[in-house]
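A.B. asks: Sequence:
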Amino acid sequence: MRFMGDSPLRGVTEQEVISTFLKVKHSQVVHFQEPRLSLIVAVFLIFKPVVTMRTTTQPNKRCVDNTCMCLCFLQLIGEFTLMRDEAYCQLLKQLTANTSSKPDSCQRGWRLLYILTAFHRCSEVLKPFLLKYLQQASRSTGAQYQGIAKACEQNLKKTFQHGGRLVPPSSMELKAMMAGRSSKRQLFLFPGGIERHVKIKTCTVALEAVEELCYEMGLHRLEAMEEYAIFLVTNRGQHVRPLNKHEYILDVTTEAELVDSSYSLWFRRVIWTQPLRFENELCVAMQYNQILPDYRKGLLNVLPQGKVSDQQFHQISKLAALQHRAKDGIFIPSIHELSEYIAAPLFKKQQPQQWVTMVTQHMQQAQALNPHQARAQFLGKIAEQFTFYRKMFPPVTPLSINMASTSSTKIHTYGTTHTLLPVLFCIAVITLDLCGAGADGYGPSGGGAVQPHPEAHSWIKLPLRGHHCGRHECTTSGPAAAGAGTNI
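Taking full-length UniProt numbering, I'd label the letters of the sequence shown as residues 1 to 488.
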């Protein structure tokens, strides 16, 4: 058997070459050395999976063969970009004129098309015809495969928008897709250990996951959603990086699984220009849990000349009472508990018994609140505190960190607007966050660079350390909104 005049490799027949590639395992990587022969083998391999998937009848053998063939198929399409349109046309031909006697032959063809549209785009020439084909299949009355045709159309549009999946799917994901299961529930960790699951599909990107989590917190405006981000955490918090909004969630988790099977995804607020919101209990709990560790470390206390006034002592006592009520505490807090509620440098400013006396004065009013209302009032009073201190300082320029920089962290400045923190405080907190451990369970370190993307919006403003990358939100708004309970 001859292939367009190609000569076999020394000591190897052409049949043996093709046989070798057809038996490739999914853990192997295919590399072609002979250009002319490689293209012919690629053509053979690209169309072999389509035929194999339609004709294999043994269930167990078909599952193994389909997985191997799909991985080989995706790899070859990625390597030989000129064959992408040909692969699409071949699949459409199989779906349009499917004369196979196998009942699930056409279904397997649609599933292979679903996978292909998630990973590789077609040419701009073929795009309108392919979209029209998928739209007709999904909207035709009585069409048998309307659902998967619509999913293929959505995959193709996202592939053109975000670039397509880059990481080969794991064997588990591939088996699930070939079995018709195209989504999974992914865990996201909020501050304070709050867990939320999001339904992640094959082409779900980080931006969509952020929007879904924001909807759950009652945030629907685009300006509010842009202030949140997802972080990938591996090696027990030693390596943390924010996700680019165009990154595919399943690409990230597939790679993370190889590095650390106990990886986690954190959801955090990273920009603080929008007002505090108190209507949604989850939103309040998230912001409270982010701000609390920073407050207890004294990072949010501004003391002119290092002195604490009587008014500040009472304010700190109120905040301690609210913290105790937020834990659903109804009795007078102990000295040990107060030492946790109040930053150590401030706690030493007066005797422990004096703190107990002052906090006791505020506990009666705090007991009238439920934990949610106590958290909301705590946030409102922190915001009031920084609104007051803003009057003592001239407007300062917000700082932002370009997390997409892989060489070094760059600090940029923008116009003077909406900051409530003195500039020295901002710099101190940013330094703490960049040098922070991640290993202590409080926040991400500077490890793990973000892969740059030309359309990426990866600016992060005013990052603060806190529990699981806790950060503080402040606003010009006054006390907690209506429904937050009695003001104390």
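If you're looking for bench data, these hints aren't it; they were derived computationally from the structure.
Hints are not guaranteed to be accurate.
[What the hints assert, rightly or not] Lysine-lysine pairs mimicking BS3-like chemistry, simulated, CA-CA at most 25 angstroms apart:
no. : residue 1 : residue 2
1   : LYS93     : LYS184
2   : LYS132    : LYS93
3   : LYS307    : LYS201
4   : LYS199    : LYS175
5   : LYS150    : LYS201
6   : LYS150    : LYS175
7   : LYS175    : LYS102
8   : LYS307    : LYS297
9   : LYS184    : LYS199
10  : LYS201    : LYS127
11  : LYS150    : LYS184
12  : LYS127    : LYS157
13  : LYS102    : LYS157
14  : LYS132    : LYS157
15  : LYS349    : LYS307
16  : LYS348    : LYS381
A.B. asks: Each hint: holds or not?
C.D. replies: Comparing the hints with the structure gives:
Under the criterion of a C-alpha separation no larger than 25 angstroms, the hint pairing LYS93 with LYS184 is inconsistent with the structure, at around 31 angstroms. For the hint pairing LYS132 with LYS93, the CA-to-CA distance comes to about 15 angstroms; that is within 25 angstroms, so the pair holds. Between LYS307 and LYS201 the CA atoms are separated by roughly 55 angstroms; this puts the pair beyond 25 angstroms, and the hint is violated. Restraint check for LYS199 and LYS175: the C-alpha separation of about 18 angstroms stays at or below 25 angstroms, so the hint holds.
Among the hinted pairs, LYS150 with LYS201 is consistent with the structure: their alpha-carbon atoms are about 14 angstroms apart, no more than 25 angstroms. A distance of roughly 21 angstroms separates the Cα atoms of LYS150 and LYS175; the hinted pair therefore holds under the 25 angstroms criterion. Restraint check for LYS175 and LYS102: satisfied, since their Cα atoms lie roughly 20 angstroms apart, inside the 25 angstroms limit. With a C-alpha separation of about 17 angstroms, the suggested pairing of LYS307 with LYS297 holds against the 25 angstroms cut-off.
Taking the CA atoms of LYS184 and LYS199, the gap is about 6 angstroms. The hint holds against a cut of 25 angstroms. Between the alpha carbons of LYS201 and LYS127 the distance comes to roughly 22 angstroms, so the proposed pair stays at or under 25 angstroms and holds. At most 25 angstroms may separate the alpha-carbon atoms for a hinted pair to count; LYS150 and LYS184 meet this at roughly 19 angstroms. Annotation: proposed proximity of LYS127 to LYS157 holds, straight-line Cα distance about 10 angstroms (limit 25 angstroms).
Between LYS102 and LYS157, the direct Cα distance comes to roughly 31 angstroms. Violation of the 25 angstroms bound is thereby established for this hinted pair. For the proposed pair LYS132 and LYS157, the alpha carbon gap of about 12 angstroms is at most 25 angstroms, so the pair holds. At most 25 angstroms may separate the alpha-carbon atoms for a hinted pair to count; LYS349 and LYS307 meet this at roughly 9 angstroms. The straight-line distance between the Cα atoms of LYS348 and LYS381 is roughly 22 angstroms, inside the 25 angstroms bound, and the hint therefore holds.
In the structure shown, a violation is registered for the earlier hints numbered 1, 3 and 13, in ascending order.
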